[in-house]
Amino acid sequence: MPVSTLKSAYWTGVRHGAPFLLVIVPFGLLFGVVATESGLNLVQVMGFSILVIAGAAQFTAVQLMVDEAPTVLILVTALAVNLRMAMYSASITPWLGAAPLWQRAIAAYFLVDQTYALSQARFEARPAMTLRERMAYYFGAISPICPLWYVATLAGALAGQAIPPEYALDFAVPITFLAMVAPALRTLAHVAAAGTSVGVALALAFLPYQAGVLLAAVAAMAVGARVELWTGARA
Amino acid sequence: MTQSPLEIWAIILLLGIGTFLIRFSFLGLIGDRKLPDWLLRHLRYTPVAVLPALVAPMVVWPQATGGQPDLARMLAAIATLGVGYATKNVLAAIGAGAGTLYTMLYLLG
Chain P
1 MPVSTLKSAY WTGVRHGAPF LLVIVPFGLL FGVVATESGL NLVQVMGFSI LVIAGAAQFT
61 AVQLMVDEAP TVLILVTALA VNLRMAMYSA SITPWLGAAP LWQRAIAAYF LVDQTYALSQ
121 ARFEARPAMT LRERMAYYFG AISPICPLWY VATLAGALAG QAIPPEYALD FAVPITFLAM
181 VAPALRTLAH VAAAGTSVGV ALALAFLPYQ AGVLLAAVAA MAVGARVELW TGARA
Chain U
1 MTQSPLEIWA IILLLGIGTF LIRFSFLGLI GDRKLPDWLL RHLRYTPVAV LPALVAPMVV
61 WPQATGGQPD LARMLAAIAT LGVGYATKNV LAAIGAGAGT LYTMLYLLG
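Taken in order, these protein sequences are the chains called P and U.
Under UniProt numbering, the final residue of the first sequence carries the number 235; numbering is consecutive throughout.
Under UniProt numbering, the final residue of the second sequence carries the number 109; numbering is consecutive throughout.
Hints were generated in silico from the structure; no laboratory data involved.
Don't take every hint at face value.
[Said to hold, decoys possible] Calculated from the model, a selection of chain U residues having no Cβ within reach of chain P, i.e. all distances over 10 Å: (1) Gln68; (2) Leu71; (3) Leu107.
[Stated by the list, open to error] Below 25 Å or equal to it, Euclidean Cα-Cα: the simulated DMTMM-like pairs (lysine to aspartate or glutamate) are: (4) Lys7(P) - Asp113(P); (5) Lys88(U) - Glu124(P); (6) Lys88(U) - Asp67(P); (7) Lys7(P) - Glu124(P).
Cβ coordinates follow ideal geometry from the N, Cα and C atoms, glycine included.
Sequences are here, hints too, so could you generate the full structure?
If you want it as structure tokens, here you go:
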């Protein structure tokens, strides 16, 4: 295969990934700031962004750590936030599953919301792409997104201590999460799941260590799946 | 936060390993086999099932106000949700929420 097709697939991925910097950089900055304000040191904050590389789960874990939740509950709840990635993994497998194991392992580490969404759309639109072209595109899409996640986190962590409480950063996490949820309310099933999630979480808020969050999530997933069956909608 | 450095690193490491295994699951281990529909049907709703449950108590009983409901934060949450739903744009929603929060905190003193 000519190197030029691989190169062009890679650079197409880079071009498609670049606009997501507008989401990744503020989100990474915010995590760096919030995690530092919560009491984590620089190495721990970077440990989160490099080893976990999943913003919503990182925010969740830090929030529960501030709430003094037991370690097991922190892990289960934060991993529940990442369960959607099992779906990404499943749906990207027909396209990348034939690659060597080491490539699949690296691809899995970088399987974040943006790289998944871009690649899935691209591979479906161009089924004639070869496996190597797909991998080149995938790593192209990663190139602007993931390194900047580390850099933005670092910048946020360094700025963190300098931000006074008047800036109401306590509310940065709820706003960020709501901003991620709202566009995802695509069907009645999604709305029903989110409504159930809110209702059960508030009703069970008296439970210690935010145990209500996990119960609310399980109930909401069941409601979403059930409503999807009733309405026949799948999005 | 009162966790010891050891506990903090245990959380970071285990969360990192767990997250990797979730991402690697099908790509690495299952190969081309198909997932059962009922499982995919539930996985589809994890983001909208988990995040609202986390956020709802923070919006209704904010820690910064000692758990008292707060008009500025409530309106900021509504603005974020409304703009996010209408525009499908995460950044626009964050901008609307932050703008509303700062405006209301300023106006309400």
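Taking the hints in turn, this is what the structure says about them:
Once the 10 Å rule is applied to beta carbons, Gln68(U) is consistent with being away from chain P; the minimum gap is 13 Å. Listed as outside the interface, Leu71(U) is consistent with that label: its C-beta sits roughly 13 Å from the nearest C-beta of chain P, beyond the 10 Å cut-off. The beta carbon of Leu107(U) sits about 14 Å from the closest Cβ of chain P, which is more than 10 Å, so the claim that it is off the interface holds. Only pairs whose Cα atoms come within 25 Å are accepted, and Lys7(P) paired with Asp113(P) is accepted, the gap being roughly 24 Å.
Proposed proximity of Lys88(U) and Glu124(P) is supported: the alpha carbons are some 22 Å apart, at most 25 Å. Annotation: proposed proximity of Lys88(U) to Asp67(P) is violated, straight-line Cα distance about 31 Å (limit 25 Å). The suggested pairing of Lys7(P) with Glu124(P) holds, with an alpha-carbon distance near 20 Å, which does not exceed 25 Å.
Checked against the numbered hints above, the structure breaks only hint 6 and satisfies the rest.
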